[in-house]
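With chain A fixed as given, assemble chain B onto it according to the hints.
So the sequence lines, in the order shown, correspond to chains A and B.
Each residue of the first sequence is one higher than the last, beginning at 1 in my numbering.
Each residue of the second sequence is one higher than the last, beginning at 172 in my numbering.
Simulated from the structure, these hints should not be mistaken for lab results.
Just to be clear, a hint being listed does not mean it is correct.
Said to hold, decoys possible - No farther apart than 30 Å at their CA atoms in a straight line, the calculated lysine-lysine pairs in the DSSO-like style are these: (1) A/Lys78 <-> B/Lys239; (2) B/Lys338 <-> A/Lys78; (3) B/Lys315 <-> A/Lys79; (4) B/Lys345 <-> A/Lys85; (5) A/Lys79 <-> B/Lys273; (6) B/Lys317 <-> A/Lys79; (7) B/Lys242 <-> A/Lys79; (8) B/Lys338 <-> A/Lys79; (9) B/Lys273 <-> B/Lys299; (10) A/Lys78 <-> B/Lys315; (11) A/Lys158 <-> B/Lys317; (12) B/Lys332 <-> A/Lys85.
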Amino acid sequence: MNFQAIQGEGWLLCKAEQLINWGRSRSPWPFPYGTACCGIELMCALASGYDMARFGAERVAFTPRQCDVLIEAGTITKKMVPVLKRIYDQMAEPKWVIAVGACACTGGVFRTYSTQQGIGSIIPVDIYIPGCPPRPEGILYALLKLIDKIEADHPLYKKRQQVVEALEAGK
Amino acid sequence: MSLMDRIKDCLGTDLIEISEFRGDVCVEIPKNRVIEAMTSLKEKGGFDFLSDVFGVDNIDLYAAKAKKAKKKKKGEEEEEEPKKQGPPPPRFEVIYLLLSLKTNERLQVRVRVPEDSMDVPSVTGIWKAATWPEREAFDMYGFKFKGHPNLRRLLMWDEFKDHPLRKDYPLEGKGEERHLNYDTV
Numbered sequence: 001m002n003f004q005a006i007q008g009e010g011w012l013l014c015k016a017e018q019l020i021n022w023g024r025s026r027s028p029w030p031f032p033y034g035t036a037c038c039g040i041e042l043m044c045a046l047a048s049g050y051d052m053a054r055f056g057a058e059r060v061a062f063t064p065r066q067c068d069v070l071i072e073a074g075t076i077t078k079k080m081v082p083v084l085k086r087i088y089d090q091m092a093e094p095k096w097v098i099a100v101g102a103c104a105c106t107g108g109v110f111r112t113y114s115t116q117q118g119i120g121s122i123i124p125v126d127i128y129i130p131g132c133p134p135r136p137e138g139i140l141y142a143l144l145k146l147i148d149k150i151e152a153d154h155p156l157y158k159k160r161q162q163v164v165e166a167l168e169a170g171k
Numbered sequence: 172m173s174l175m176d177r178i179k180d181c182l183g184t185d186l187i188e189i190s191e192f193r194g195d196v197c198v199e200i201p202k203n204r205v206i207e208a209m210t211s212l213k214e215k216g217g218f219d220f221l222s223d224v225f226g227v228d229n230i231d232l233y234a235a236k237a238k239k240a241k242k243k244k245k246g247e248e249e250e251e252e253p254k255k256q257g258p259p260p261p262r263f264e265v266i267y268l269l270l271s272l273k274t275n276e277r278l279q280v281r282v283r284v285p286e287d288s289m290d291v292p293s294v295t296g297i298w299k300a301a302t303w304p305e306r307e308a309f310d311m312y313g314f315k316f317k318g319h320p321n322l323r324r325l326l327m328w329d330e331f332k333d334h335p336l337r338k339d340y341p342l343e344g345k346g347e348e349r350h351l352n353y354d355t356v
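Excised from the complex, chain A in its bound form (with noise of 0.2 Å):
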């Protein structure tokens, strides 16, 4: 990681941003959305042998108000789409979107009327992670891709320009 701070006895100089980005990439809480057998190795995932709380998501969120990345882990049916829609909708900004194995991503083997072909066309997705079910350490990875994401982002630019582009739109 490229913090860098100057710091002296009992004060730290740095950009607004590095500490916000510092703060959100160390505690990613996942909501642990698992429909199918990808569940299955998030959780594996979650557990003490892989121990995704190493690398910051310690807490998992049964709530979608408290947490940061949407672990969606299965398949989603079509009968299912509000339901993920609507849960999305109700996370806190800034959010994540992980979509874990081939059902999530696409739809997978499963060609048919009922079900989603990929949450992509629902929610927007952030990683990708293939696989049918992936393996726990492909969760792990995907997860530190995303703080890698976390951490190149300009959290205070994309707010600047958010409020640049809604007075301009007043105008």
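Below, chain B alone, put in the same frame as chain A:
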């Protein structure tokens, strides 16, 4: 007294056809006598447990048979006598799987259902366990179970129009989608 004899006794004139294949007995009963025949099977025959209710769509089977018959006719050899010409067989079947918990015997009961009248008497009054399987059969094939207390879709969502396990329904669907609508939810 063997199982087949007992069932013949039980059903009497309601029996259309009875057959046995590797120890599994299968009977066919007329659609308008479902309640009477099932009550008799439960009370006299001892089949006190309903395992499952489901449907069959025979559209492809009949089409294949007709094609085969046509092919045979085209060939010059005419060994077989020409098939009886009659109305086409009903497209659907409802199948009830019964079990006797006392004697551990199983029975398959078939009811033929033509496409133009999908009404079938509901057996929920006889076995309470029929409620969900009948809902599923309605969802997947469109049978209208008369007398069912709550005949809604079981697997697909309520706005879904078709009956997806019918053979003429495409595997990948007809593009049905479900969206989150905050105005109505």
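Restraint check for lysine 315 of chain B with lysine 79 of chain A, where alpha carbons must lie at most 30 Å apart: 23 Å, holds
Restraint check for lysine 79 of chain A with lysine 273 of chain B, where alpha carbons must lie at most 30 Å apart: Distance ~41 Å between lysine 79 of chain A and lysine 273 of chain B Cα, so the pair is violated.
Restraint check for lysine 78 of chain A with lysine 239 of chain B, where alpha carbons must lie at most 30 Å apart: At roughly 39 Å apart (the allowed maximum being 30 Å), lysine 239 of chain B and lysine 78 of chain A break the hint.
Distance restraint between lysine 338 of chain B and lysine 78 of chain A, which requires alpha-carbon spacing of 30 Å or less: 21 Å, holds
Restraint check for lysine 332 of chain B with lysine 85 of chain A, where alpha carbons must lie at most 30 Å apart: 23 Å, holds
Pair hint outcome, lysine 242 of chain B versus lysine 79 of chain A [Cα-Cα no greater than 30 Å]: 44 Å, violated
30 Å Cα cutoff - pair lysine 78 of chain A, lysine 315 of chain B: Given that 30 Å is the threshold and the Cα spacing comes to 24 Å, the pair holds.
Satisfaction of hint between lysine 317 of chain B and lysine 158 of chain A, Cα-Cα up to 30 Å: It is violated: about 61 Å lies between the C-alpha atoms, which goes past 30 Å.
Restraint status (C-alpha distance of lysine 317 of chain B to lysine 79 of chain A at most 30 Å): It holds: about 27 Å lies between the C-alpha atoms, which stays within 30 Å.
Pair hint lysine 273 of chain B and lysine 299 of chain B, alpha-carbon separation not exceeding 30 Å: Distance ~19 Å between lysine 273 of chain B and lysine 299 of chain B Cα, so the pair holds.
Satisfaction of hint between lysine 79 of chain A and lysine 338 of chain B, Cα-Cα up to 30 Å: The given pair, whose Cα atoms are some 22 Å apart, holds under the 30 Å limit.
Agreement of lysine 345 of chain B and lysine 85 of chain A with the hint, judged by alpha carbon distance not exceeding 30 Å: 22 Å, holds
In this structure, the hints that do not hold are numbers 1, 5, 7, 11, in rising order.
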